[in-house]
Amino acid sequence: MRINCPYCGERDASEFTYLGDASPVRPDAIPHDPPLDNDSAEAMALRAKFHDYVYLRDNIAGFMKENWYHGGGCRTWLTVERSTLTHEIRSVEAAPGVGASVKSSAKRGRG
Amino acid sequence: MSQSHRLAQGGVVDRSQPLNFSFDGRHLSGFAGDTLASALVANGVKLVGRSFKYHRPRGILTAGSEEPNALVELRTGARKEANTRVTVTELYDGLDANSQNRWPSLKHDVLAVNQLASPIFVAGFYYKTFMWPAKFWEALYEPMIRRAAGLGDTAKQADPDHYEKAWAHCDVLVAGAGPAGISAALAAGRAGARVILAEEDFAVGGRLLSDGEEINGKASSEWLESAMAEIASLDNVRVMTRTAVFGAFDGGTYGLIERVNDHVPVPPAHQPRHRLWHVVAKRCVIAMGAIERPVVFGNNDRPGVMMASAVRTYMGRFGATPGRRIAVFTNNNDGWKTVDAAERAGVKISAVIDSREDLPPEALARGKNGGFSVLNGSVTSVDGGRDGVTKVQVALNGGATAQIDADCLAVSGGWNPAVGLTCNHRGKPQWRDDIAAFVPGGCPAGMTVAGAADGEFSLSECLSGGHKLGSDAAKAAGHSGKPGRAAKADAETYSQTPLWHVSGKGKAFVDQQHDVTASDVKLANREGFQSVEHLKRYTTLGMATDQGKTSNISGLAIMAEVSGRSIPETGTTMYRPPYVPVSIGALAGHHRDEEFHAVRLTPSHHWAETQGAVFVDTGLWKRAQWYPKAGEKTWLESVNREVLTVRNGVGFCDVTTLGKIDVMGSDAGVFLDRVYINTFSKLAVGKARYGLMLREDGIVMDDGTTSRLAEDHYFMTTTTAKAGPVMQHLEYCRQVLWPKLDVQLTSASEQWAQFSIAGPKTREVLGDILDPSEDISNEGFPFMGAREVKLRGADITCRLFRISFSGELAFEISVPCAYGNAMAANLMRAGEPYGIVPYGTEALGVMRIEKGHAAGNELNGMTTAGDLGLGKMMAKKKDYIGRVMAGREEMVSPDRMVMVGIKPVNKLDKLYAGGHVIPKGAKPGADTDQGYVTSACFSPMLDQFLGLGMVARGRDRIGEIMSVCDPLRGKTYDCEICNPVFYDPDGGRQRA
Amino acid sequence: MHPKYSVFSLVKNAFSGHKNWQRTWRDAKPKDHYDVVIIGGGGHGLATAYFLAKEFGITNVAVLEKGWIGSGNAGRNTTIIRSNYMLPGNTGFYELSMKLWETMERDLNYNTMVSQRGIINLIHSDPQRDAIARRGNAMRINGIDAELLDGVQVRRMLPFLNYDNARFPIQGGLVQRRGGTARHDAVVWGYAHAASEMGVDIIQNCEVTGFRRDKGRVVGVETSRGTIGAGKVGMAVAGNSSQVAAMADLRLPIESHVLQAFVTEAIKPLLPNVITFGAGHFYVSQSDKGSLVFGGDIDGYNTYAQRGNMPVIEDVCEGGMAIMPMIGRIRLLRSWGGIMDMSMDGTPIIDKSPVDGLYINAGWCYGGFKATPGSGLVFAHLIAKDEYHHEASRFRLDRFERGAMIDEKGQGAQPNLH
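Protein chains in written order, with our numbering: chain A, 1 to 111; chain B, 1 to 992; chain C, 1 to 418.
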């Protein structure tokens with residue numbers, strides 16, 4: 001398999017580390033003040049959300065957006081759209097936070 | 001014997017270069033350009049091997065890598081290799097080959113008695129017996145079967161040869177250098193594409209070497225020569241002979257195996273035996289030809305029965321004849337080319353048996369002119385034993401029978417395109433009725449198929465098809481140059497009538513190597529193994545070293561016939577890599593023995609070597625484990641000395657292997673708050689703090705000390721083992737989870753050499769090392785302080801941290817990596833007056849156990865912060881990775897196993913990690929198993945063994961006497977559960 | 001009734017040219033309704049049907065297989081059997097399975113070639129010895145055989161390994177002598193044979209395309225061969241678990257990954273045992289036919305494609321050459337890829353699903369083969385009695401909600417690391 005890294009060009013997949021499905025979104029989890037009782041309904045509901053986030057997968061047979069890490073190259077996390085049936089790769093994008101953030105570009109004048 | 005079957009002339013062997021070789025101890029000779037097979041043919045050798053199950057005598061069936069029968073043990077000693085096909089073995093001077101799977105000799109093989117039992121040894125017989133008595137399988141039946149099976153014997157010593165791996169990139173990979181492949185490479189090359197033309201054989205040309213056809217109105221050999229000359233003139237085309245494409249992988253990556261030095265006795269110095277190629281190609285043209293298929297009839301495995309195309313290869317290419325009176329049995333017009341070849345070579349044809357009902361009249365006429373009989377019918381069986389065919393029994397289409405004298409039977413059952421690589425991505429081959437064969441179905445992306453591999457068998461189709469696909473491939477790869485003209489040959493039409501199996505006397509083999517007969521296929525059908533895959537697995541058809549190249553389709557066809565289905569209904573055969581067998585050595589390359597994985601050396605490694613350090617593997621790192629001194633008899637003596645010296649004086653240890661990450665940016669503190677369970681945003685500049693991070697599932701991921709060097713600059717350390725994974729995790733958090741945070745990460749693991757200097761006399765040593773302006777007093781540099789410092793007399797900025805793993809007054813100093821070795825020597829010099837010692841990972845481990853610090857054995861991916869006694873660190877007012885899931889019921893259960901200290905009650909008992917903890921006096925069992933020892937050591941401070949462990953409700957059991965049960969080492973002993981901090985529990989020493 | 005298989009029946013049939021053998025299992029046509037329908041004609045599904053009939057007297061059972069029986073991971077593995085597990089929940093279950101292997105051939109009247117030739121896990125470092133001692137002691141405490149060997153003892157047992165110039169020298173090993181191999185396809189055929197004898201219908205080329213539901217409860221399945229009613233439905237479909245569960249609107253803590261495995265040309269006896277390299281990804285045994293059968297790590301990305309790529313092939317062969325450099329000249333002959341139902345803690349799920357009437361047997365990662373008989377027995381128990389078998393009470397689907405993961409490798413919710 002070959003992945004076209006937006007920074008390094010096309011590279012063998014052995015340079016990359018796979019994390020998995022990119023679609024689960026980490027639930028918002030700002031702690032309550034005072035902290036919730038661990039057995040409260042709210043705490044349980046939050047745990048249920050996290051359970052789905054951490055453990056459940058669609059395990060798609062077909063095209064899926066996935067996280068790959070170019071650890072053998074530029075250390076960018078990539079979103080790769082790839083078919084789990086044919087291994088065909090349709091698109092590769094860098095994660096939103098790659099490189100310096102907007103804030104730091106503004107401040108330090110580099111991107 | 002002097003090449004009794006070598007023809008007076010002809011062939012592309014070099015008759016001026018005789019080569020000597022031996023087969024089963026017989027000294028024979030051949031010529032340069034021979035294969036071992038052609039040399040054996042030239043010497044009139046018929047019996048070459050024995051079959052797998054019945055030990056039937058076997059000869060040479062084919063002239064290519066599809067050979068099922070003629071396998072030998074090649075070379076001797078550490079280079080001995082089993083199952084080498086004589087048909088692809090290039091002859092070299094001194095070649096030493098021996099037949100295999102026979103005892104005591106090839107001619108007299110005792111296990112040929114298996115043939116007598118063959119009525120019982122049918123397909124799958126072993127599934128129905130050998131079940132009683134229970135213990136007999138391992139003791140008796142299995143060893144018997146294993147010894148009888150197994151084909152050749154292989155070297156028992158380490159392979160002395162080298163293997164290497166290489167990468168290449170091209171526009172067009174052409175697999176196969178026959179007429180189609182050469183045409184494709186030429187067209188693509190002319191168009192300007194970068195081309196690799198790979199050919200398994202040592203000679204290019206394919207059928208052109210043997211079939212004697214014409215191209216552009218001249219002998220095909222002339223075209224071959226000029227085409228190859230033109231290719232040689234093109235810089236952008238690379239020809240790789242002895243190189244087989246064995247697999248098509250994702251993204252246009254192809255696996256190729258180059259047999260660099262199999263044609264010499266021993267590879268020259270610094271040369272590999274094989275080279276594994278990863279070729280990344282934009283397009284690939286498969287031109288791997290077709291494989292002639294046998295017809296299954298009685299005794300069709302006798303030496304002397306040979307594929308018709310192989311017969312003409314031996315005659316045309318090698319100038320050797322497999323027989324003196326050759327009968328040809330064919331169901332197609334291509335088989336007649338063997339008659340042409342024999343006539344050209346002056347070898348007598350005794351008869352042609354053509355099974356086609358609509359036999360063309362000119363065929364009959366040819367017999368009359370050529371002086372041989374042409375029979376319209378089929379071969380039912382052959383007579384003859386291990387020395388070869390003597391007679392051929394024929395059933396004529398009219399119903400009569402005939403008998404032909406012959407010493408060789410050339411058989412053609414038609415052609416099967418070599419679809420192997422085309423199914424590597426699970427594209428199913430498609431059945432074509434007109435040629436009664438499977439042709440490629442869905443090919444991997446970027447792959448096209450030319451010529452015979454696509455079912456277009458005529459030379460003219462190979463030339464034009466190859467040319468077209470070659471130029472198409474170049475165009476698709478972005479090259480629009482002119483591909484020139486395709487070469488031309490006379491049009492001809494391949495005509496065949498399917499014929500798979502003829503009933504007759506004697507066993508009729510479908511898979512010759514595995515002794516699978518037509519009756520076995522029928523038995524499989526009877527017993528319900530009708531799916532092609534069931535058929536293969538039940539009978540082992542197609543599972544031999546030839547990968548079913550000559551047997552799969554015939555087996556499928558016979559199964560179709562007996563189960564009353566069409567061939568496509570019955571199934572197809574799919575091929576997975578490798579298309580040809582590949583040596584394990586080549587797939588491993590240089591990564592073997594000590595070079596299996598890379599070695600990472602610490603900056604002070606060379607210095608440590610001069611001190612006589614013993615090293616230990618920690619991941620890829622080599623770390624000093626201890627530093628033995630003269631007179632010390634055991635490692636424990638050295639380690640005890642190192643510990644005692646640190647605790648009473650001073651010592652230092654290279655801790656560079658810890659992961660080091662610079663975390664910078666205005667949000668660095670916020671970022672760390674989210675990845676650590678405790679708070680770092682409020683850490684004062686110039687301070688260090690121990691941090692613990694969880695995985696999102698609430699289990700501990702890693703720990704380490706992180707310091708704040710500036711408002712927007714933190715310096716994180718990780719454990720050695722998790723340096724890589726933590727970096728990856730943090731980048732994920734930064735780039736994917738919280739892209740808006742202003743934070744940057746830089747791995748500094750390789751930039752800084754880091755040393756821990758520990759013991760009550762640490763300040764004295766550091767005082768000598770550091771610039772006199774640096775205040776390292778308890779006030780000037782308090783416990784958990786961190787800042788940049790200058791070295792004495794050198795303009796080098798270092799980082800100094802007052803942190804302690806040993807529990808003693810200690811600092812860790814980071815110097816730029818290049819100064820690591822010098823720093824070790826410098827510390828040794830400065831510490832000499834104070835009796836400084838270097839200490840290794842063992843002493844480090846002892847001191848951390850004495851102090852009750854968790855390390856890798858406790859951070860084992862199953863423990864929570866609470867389990868490690870660090871639950872109080874979990875901040876309540878911020879979110880962090882793992883916070884929510886750590887609150888799950890079973891993870892906060894009071895019954896969990898938590899970290900405790902474990903101390904044998906009897907001070908003389910040795911404690912080992914891995915023992916399980918059970919209540920004192922309890923019977924060991926699943927219900928009494930309440931924990932285990934994670935780490936153990938001998939503590940010179942307490943003068944006894946100590947350990948850490950995980951024990952259910954352990955913190956409530958401090959003081960309880962339990963048993964450590966270690967049946968692996970045959971021991972059970974009483975231990976006291978205690979506070980894990982055995983030494984200096986209030987921590988006064990490290991704050992001193 | 002089928003005549004019993006034995007050496008006598010073989011000889012008797014030899015006289016009639018083997019023309020009188022019957023089908024190993026009946027070729028059943030689907031009926032309208034079964035008490036239990038098992039989806040998946042692999043080892044686990046067939047074993048489940050066998051135990052439903054044998055242990056629980058439920059014979060009105062169909063096993064539905066979309067292809068040919070054994071076409072999934074039952075026919076694509078490295079045939080290793082062992083019960084060297086460490087954690088509560090696993091230890092007892094795998095030993096239950098091991099005991100069933102030991103009587104399988106007599107139980108099924110089918111030679112599955114269970115070969116207790118011993119399995120050895122090599123040790124290359126101190127921390128590894130600590131972890132392996134914990135494992136071995138857990139086995140011993142649970143009544144399972146295990147021996148800890150030092151480097152000298154390993155060398156005596158396996159003199160052909162690389163002791164002289166290894167990157168990670170061999171320092172010891174953990175041996176389970178009762179571990180070994182079995183003929184994988186024969187296990188499938190044996191269970192099919194024995195189950196069919198007791199009345200179970202084995203239906204091939206029958207793909208399940210959906211569930212029939214009545215007030216939420218599953219009451220049957222839609223298939224490529226029509227609707228089939230069912231009192232209860234059990235699924236044992238390995239790599240396709242998520243796809244089948246999705247038909248019942250369930251999401252599972254499972255990802256599908258490919259595990260490649262490899263076979264060499266047959267050679268004369270070389271390796272007596274099953275050997276697992278502890279400092280790389282390589283495990284190997286030699287089949288009765290003579291081939292080295294070996295494997296390593298999964299490719300590491302989600303896939304249903306039943307094929308992998310070169311990096312893993314090379315990684316595995318490198319592991320082989322690291323510890324047995326005499327195999328360099330042996331040729332790799334075949335490779336294959338099986339789709340593994342990788343669970344989030346590396347441990348299977350055998351449980352009722354949240355949908356009434358649907359039972360799940362999934363998440364075997366690459367350890368499913370050795371579990372085949374045990375899995376069949378405990379799943380049959382669950383389906384028949386609606387209660388957990390006592391050796392399978394921790395394989396619950398809700399363990400992730402409760403935080404009761406069974407994570408032998410300590411890798412967490414990252415399936416490709418298990």
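Hints in this document: simulated from the structure, not taken from any laboratory. In this text the structure is predicted, and so the values were computed from the model without any measurement. Hints may be right or wrong, so weigh each one.
Just so you have them, the derived chain C footprint on chain B, three or more residues with Cβ under 8 Å [unchecked claim]:
1) 277-291
2) 773-785
3) 856-864
DMTMM-like, lysine to aspartate or glutamate: derived pairs with alpha carbons at most 25 Å apart [what the hints assert, rightly or not]:
4) B:Lys971 <-> C:Asp35
5) C:Lys409 <-> B:Asp943
6) B:Lys633 <-> C:Asp126
7) C:Lys268 <-> B:Glu889
8) B:Lys903 <-> C:Asp126
9) C:Lys352 <-> B:Glu889
Cβ atoms here follow ideal geometry from the backbone N, Cα and C, with glycine treated the same way.
Each hint, compared with the structure:
1. Check on the stretch 277-291 of chain B: 1 of its residues sit with their Cβ under 8 Å from a Cβ of chain C, so the three-residue criterion for coverage is violated.
2. Coverage of a stretch by a chain is defined here by at least three residues with a beta carbon nearer than 8 Å to that chain's beta carbons; for the stretch 773-785 of chain B and chain C the count is 0, and the condition is violated.
3. Counting residues of the stretch 856-864 of chain B whose C-beta lies closer than 8 Å to any C-beta of chain C gives 5; at least three are required, and the coverage claim holds.
4. At roughly 52 Å between alpha-carbon atoms, B:Lys971 and C:Asp35 are farther apart than 25 Å, so this suggested pair is violated.
5. Distance hint between C:Lys409 and B:Asp943 is unfulfilled; the C-alpha atoms sit about 34 Å from each other, more than 25 Å.
6. Simply put, B:Lys633 and C:Asp126 have alpha-carbon atoms about 21 Å apart, close enough for the 25 Å limit, and the pair holds.
7. Simply put, C:Lys268 and B:Glu889 have alpha-carbon atoms about 56 Å apart, too far for the 25 Å limit, and the pair is violated.
8. Straight-line distance between C-alpha atoms of B:Lys903 and C:Asp126 comes to about 20 Å, which keeps the hinted pair within the 25 Å bound.
9. Pair hint C:Lys352 plus B:Glu889 holds up; C-alpha atoms about 21 Å apart against a cutoff of 25 Å.
Consistency with the previously given hints fails for numbers 1, 2, 4, 5, 7, ordered from lowest to highest.
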